[in-house]
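Peer 1: Sequence:
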Amino acid sequence: MRTLVQALRKKQKIHWIKYLNLLFLKGLSGLI
Numbered sequence: 001m002r003t004l005v006q007a008l009r010k011k012q013k014i015h016w017i018k019y020l021n022l023l024f025l026k027g028l029s030g031l032i
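Here the sequence shown is numbered in full-length UniProt numbering, starting from 1 and rising by one per residue.
Worth flagging that the hints you see were computed from the coordinates, not collected in a lab.
Certain hints may be false.
Stated by the list, open to error - With a straight-line Cα cutoff of 25 Å, these simulated SDA-like cross-link-like pairs (lysine to any residue) come out:
hint: 1; residue 1: Lys-18; residue 2: Gln-6
hint: 2; residue 1: Lys-10; residue 2: Phe-24
hint: 3; residue 1: Lys-18; residue 2: Leu-8
hint: 4; residue 1: Lys-26; residue 2: Ile-14
hint: 5; residue 1: Lys-11; residue 2: Asn-21
hint: 6; residue 1: Lys-18; residue 2: Gly-30
hint: 7; residue 1: Lys-26; residue 2: His-15
Working from the sequences, and respecting the hints, build out all of it.
Peer 2: The following block contains the structure:
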């Protein structure tokens with residue numbers, strides 16, 4: 001049970017990093 005929660009947290013972290021990268025790229029393309 002505990003390992004499952006840790007795996008989900010890790011997945012969420014990766015998802016957030018991807019989301020932030022996407023926003024960052026959108027912001028850069030918006031400036032150009």
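Peer 1: For every hint, state whether the structure bears it out.
Peer 2: We went through each hint and held it up to the structure:
| no. | hint | result |
| --- | --- | --- |
| 1 | Lys-18 / Gln-6 | 19 Å, holds |
| 2 | Lys-10 / Phe-24 | 21 Å, holds |
| 3 | Lys-18 / Leu-8 | 15 Å, holds |
| 4 | Lys-26 / Ile-14 | 18 Å, holds |
| 5 | Lys-11 / Asn-21 | 15 Å, holds |
| 6 | Lys-18 / Gly-30 | 18 Å, holds |
| 7 | Lys-26 / His-15 | 17 Å, holds |
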